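Novice: Residues per chain are reported as follows:
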Amino acid sequence: MDALKILLDGANRNRTLFVLLSAFALFPIYTGIADLPFWNDLAMRIMLLGMAAMGLNLVLGYGGMVSFGHAAFVGVGAYCVGISQYYGLYNGWIHIMMALGACGALGLVIGYLSLRTSGIYFIMITLAFAQMLFFLFVSLEQFGGDDGMSIDRAEFIIIDLWEPLRLYYLIWAALTLSSILLMFIVRSRFGVVLQAIKGNESRVEAMGLAPLPFKITGYVISAMICGLAGALFASWQEYVSPDIMHWTRSGELMIIIILGGLGTLSGPLLGAVAFLLLEEFLPELMHFVAPNYAENWMIIFGPILIAVVLFARGGLLGLVRQLSGGRQ
Amino acid sequence: MNELVLQLEGLEKSFGALRATCDVSLDVEHGEIHALIGPNGAGKTTLVRQIYGSETSDAGVVKLRGEVMNGLTVPQRVARGIGRSFQISNVLMDFTVLQNAILAEQARLGESFRFFRPAFDDQALIDGASVMLDRVGLGDRAATPVADLAHGERRLLELALALAAEPALLLLDEPMAGAGSEETKHMIEIIGGLKSRAGILLIEHDMDAVFQLADRVTVLVEGGVIASGPPDSISADSAVREAYLGSEEHA
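From first to last, the protein sequence lines stand for chains A and B. Note that this note's numbering gives residue 92 to position 92 of the first sequence, counting from 1, and the numbers run on in steps of one. The number in this note's numbering is simply the position in the second sequence, starting from 1, with 1000 added.
The hints are simulated quantities; they were obtained by calculation from the structure and are not laboratory data. The structure displayed is predicted, hence computed values, not measured ones. All C-beta atoms in this analysis are idealised placements derived from N, C-alpha and C, irrespective of residue type, glycine included. Every clue listed holds true.
With the C-beta cut set under 8 Å, the calculated list includes, among others, these residues of chain B facing chain A:
#1 A1079
#2 L1103
#3 Q1106
#4 F1113
Okay, chain B solo, but in the shape it has when bound:
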């Protein structure tokens, strides 16, 4: 077994009377893609937010490579090795593609309290940023303002930024959202290629993508885990079919 990158133990979160996360325990190994699926409102994004630190947990423990993350802020967790791509592209719209990556590079280096040299002309930063962009195939779009990027390209930039700090755990919140079929194919290829770099927790509605990519699948319904295992066993699981996959077949 590979190193456990992420361990969740008995995670809870309630919003008033709504239990968004009920007693969730799961783990992600280095080098695997663990997909988290479930119908809308199942609490997937809440769970990601709890892991990422933008939502505090009512109970339970989040561990990254064995280190407890509870109580740490988002920047602290990012610095310890959690990378996240957002459901809605969360990039700097006023900046160019390269400038987005330069900011990520200087953040990675941890040298942002500098007041003298222009950041965007810094060759060391540009080099690091270019490597980042090449990883997702955006190298030739470097000078483009983000506002002018196509949707799929913005998703790729989002991914490049999530990867910038070379995280041990990558949280991908619906990376295919809104992408066309060509873009989805490209994205699947890229995500598949990331497996060796990190453990990946993938939230995705596109079942084809999930079953192509995932080593393990966990199904979340109304905040709780109803099934977890290899993709084959999940698609054969009757409870899952009823709660989730079945309803889609009817639709």
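Only chain A is shown next, with the shape it has when bound in the complex:
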């Protein structure tokens, strides 16, 4: 009962998030009627990137730890699926368990080693770990090396019956669960300490709390959410290559968070919607206006990002709040 009360209260405070989640839940009905299956695919990508960005946002936005290597966790999550299948293990639930376990353990190690530093050093160390993992997978010829490996859609017992949409709703459920989990976490005592560390680490110490265990725990949770997104990403893409953990992917996650609203629950998801829609339609628009430059859609995207950072305090969510008069 208590949990339900907290959940409803949280939902009320984070309406944008729950509006988005509901929209994603209903979206396939629309695409079904309008016969636009491609759009389901785009929606799944949005949800997956949004989930990974949400995971990163726990450390980046709430904890103030600028981790520049989170794509590595997405990649490891994805490779958990690929490598399991290589060895004949096709149960999707086990893939997810493995991704959570591997990313949790990896997050613990990387967090333990890198969180003793801060600022620019922390950024560089997390980037270095991510690059190490990137080149590790590039060098693993057995698992496709540079070219990656193809993946069969995993078998998810129980929900196998829903053939065309099973993956869509599995991703939606994972996103919703991650969102709710994060909603509880950021408002809990642990979450409050994490946000206090971001604001003023020496004050937290002065209260008698050692910041490191909180930071590491946040880092592990964040890595696990990214790993979950990665495992589902592999199933969705039916393919995994080291490209998924390239450092530019880490940058993309950060851009999504900043675009949507740093340190907010719905910001990363909103950012993912905006980012992927722009990525989808800017090239088409460019193709219309200047056909030879369609590949260079970033020329338009860059200024949009700068404008959002400069003029919309708190990203797109900040804009939504302003327009709706303070409500999230």
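Given the coordinates of chain A, work out where chain B should sit on it, guided by the hints.
Specialist: Just chain B now, kept in the frame of chain A:
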């Protein structure tokens, strides 16, 4: 004699060629205010940092209620009973006054690894936090964001947070810094009222405040103690007058 809360024995600290702390020994009893004065650059804040644990000592011993603190981290020392207010207000600017106190309350209870219930709605935490704020008279400012507080109120919040864990030793690093005369009066009253709760080591430039509050005064010049005793003997001490008080009279 009351219980000795703090004992410093032969404390040393050098930064390169600069000896910031030279062979400092002093103690603080429960229920007393021991003021530490000295000109700028005398090493007062370095000494506080050595006691607090944010600076390691080159030599010497810091004891809290007889227990050696050397080698312990800041959070460990805080947990054992050292509270500190900072020279520059060190509060959580993004939080409200009450939220600052709630965080202090949950830290005091030692129950921060909890992931389920919202902390800011937790009635038990709110109650404890309110008591903390009432102690310094900030109860009616609870809902105010810290960024909107007046300077003097921020100093009071700083003090409330230092007191949160009910420390045996309270390190007050220039609590009156930047405060107006009214605020200073209020602060003197509050600090005076804290004597029964803890031993207090007070660093302060405001001599009126020091002589009103202190039971004992130690004068630090260039890292070393040049005099220590009751306020009357300190103000009469010729070495002190020359090194410190005298120079102020000229100015």
